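First to last, the sequence lines map onto chains A and B. To convert, note that position 81 of the first sequence is 81 in my numbering; the numbers rise steadily by one, no gaps. To convert, note that position 6 of the second sequence is 6 in my numbering; the numbers rise steadily by one, no gaps.
Simulated from the structure, these hints should not be mistaken for lab results. Some hints here could point you the wrong way.
[Said to hold, decoys possible] To give a feel for the contact side, a few chain A residues facing chain B, derived at Cβ under 10 angstroms:
1) Leu17
2) Ala31
3) Leu32
4) Gln33
5) Leu56
6) Ala59
7) Ile68
8) Ser103
[What the hints assert, rightly or not] Listed next, the stretches of chain B that the computed footprint assigns to chain A, with coverage defined by at least 3 CB atoms under 8 angstroms from CB atoms of chain A:
9) 31-38
10) 392-406
Please read these numbers as outputs of a predicted model, since none were measured by experiment. Think of the CB as a built atom: it goes at the ideal place given N, C-alpha and C, for glycine as much as any other residue.
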Amino acid sequence: MIYAITIYGEAGLFESLPKERQDEVMAGHGALQEALRKRGEFVSIKLMPPTSAVMLEPAPAADQPPLIVDGPYAETKESFLGFYAAEFDNLDDALAHAKMISSPVARLEVRPVAWAGGTISSE
Amino acid sequence: MSDWLTATFTQQRPQALAALTRYFRDIDVAEDAFAEACLKALKVWPQAGAPRDPLAWLLTTARNAGLDTLRKSQRHHAILARHSAEFQTMTEATPDPDELRDDVLRLLFICCHPELERRDQIAIALRIVAGLSVAEIARGFLIKPKAMEQRITRAKKKIGSGSVAFETPSPQERGARLGEVSLMVYLMFNEGWSASGGETQIKLTVCEEAIRLARLLANLFPAMGEQVALLSLLLFQHSRRDARMDANGRLVALDDQDRSQWDMSQIAEATALLQKAQRINHRGVYIIQAAIAAVHARARTAEDTDWSMIAAHYAALYALQPSPVVRLNQIAAQAKIEGPAYALAALEPLADELAQYRWFHAMRGGLLQDTGNHPAAITAFETALSLGPTAPERIAVEEKIALSKKESPDL
């Protein structure tokens, strides 16, 4: 089963941390990526800060295109920061891997992925 | 644990202080109330867990703390009586996003008090909005903490007596505030960027705070192309921070920088922001400067730089901002296409206006050097040295003089 480990938190909080704390968080990600690489294919996505986002709102009427909004408006609560997706043996296995990147700046959600397709290369 | 909490406080500070300043109509009361809320959070959060909406938590706690202080203090009875209607509306824990963005804008605008020198505006914004300590700001400005303390105290007195309206601003007023505040953030970045010498790391803090404020503005006003472009511009510049100084603290010219040291993830974000700003279809000074920075960022080597594109962008910038310095930069780009003789002729009309501008003489010296006129080049470089260059600039110019002297040994 493919599970997604989805990361929520406050955008910009990580950047406000002292270097040593940032390194601690990144060490967790490094370890998880290493473990996933050994097992096979995986993706990891870090979203850029919300300021770079543009939103498409549903079309206001059937004969009109969707609305492109330059938002999102400032969110004071946590936001979607990024995710991992990989094949895991079962929920316990996925949770064990998610634990590797648990930190006070992130709330993690582990959820099975029902559909996946396509390939992407970062280079 | 406290590092995580401190980061959260830093992150929430501008919004929280901005809202609290509207509540209390007094920056000192707002600062004290916020400090008290943070102290309480340090006690409560590690046990109860951090709240999902830390801003709402901090605001509620700070509001109560501030009201307690006001009730106990004779001096503040007047504030309490005067703004009783305001305090009635404070029961809402989560601030209205529209109100919050006007609050943040107002707080930054208060720092831009017209009677303050620009550097004092920047210092006070770093103190109040960003929450840097006086010692940190003093290091950033390369002055003694004691002197900075006095400047900030004086500046605070001035802004305290200011009369910025607390009502919701009109669209025109909002636009004017946004323009003024954005310029201050832009100059804050330049302050950190241009003056950084041997103490690069310290000065970079000022750059990072400017980026944080630019990000906050772009967040609060996502449909304003100019604010999105400002953030893009600052990120493009900052992406070169590691390459612009060598191991000995010497400035490295853009053409000579090791481009593998440029921060690619920052360039990617800056590029995305520039595209977003261009989609908003706004013409302004920051978007053109960001577009220029993007041309440099796209070039894999200095030789790959599309100088005709850069010259065209500077021409557009000159149309909006007809200053001799912009023209100087346009000529610098043209020099790469048309050669040094053309550029020297183009510089002539600027000689009077830019007589006191060290970059004019440094650039002119470089062009003269390129044409082989070493005696004149040395004279121009020496003029640049007499106009107060920073330490790394001095080293760079002195090296050029040495080069010209080597080329014509009889001088």
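Now for the hints, and whether the structure bears them out:
Taken as an interface hint, A/Leu17 checks out: its beta carbon lies about 5 angstroms from the nearest beta carbon of chain B, inside 10 angstroms. Interface hint status for A/Ala31: violated, as the beta-carbon distance to the closest one in chain B is roughly 20 angstroms, over 10 angstroms. For A/Leu32, the shortest C-beta to C-beta distance to chain B is roughly 19 angstroms, which exceeds 10 angstroms, and the interface hint is violated. Evaluation of the A/Gln33 hint against chain B yields a violated restraint, the C-beta minimum of about 16 angstroms exceeding 10 angstroms.
Checking A/Leu56 against chain B: minimum C-beta separation of about 12 angstroms lies over 10 angstroms; hint violated. Interface hint at A/Ala59: violated, since its Cβ lies 18 angstroms from the closest Cβ of chain B, which is beyond the 10 angstroms cut-off. The closest approach between the C-beta of A/Ile68 and any C-beta of chain B is roughly 8 angstroms, which is under the 10 angstroms cut-off, so the hint is satisfied. Checking A/Ser103 against chain B: minimum C-beta separation of about 8 angstroms stays under 10 angstroms; hint holds.
Only residues whose C-beta sits within less than 8 angstroms of a C-beta in chain A count toward coverage, and the stretch 31-38 of chain B has 0 of them, not enough to reach three; the restraint is violated. With a threshold of 8 angstroms between beta carbons, the proposed coverage of the stretch 392-406 of chain B by chain A is violated, since 0 of its residues qualify and at least three are required.
Of the numbered hints given earlier, the model fails hints 2, 3, 4, 5, 6, 9 and 10; all others are met.
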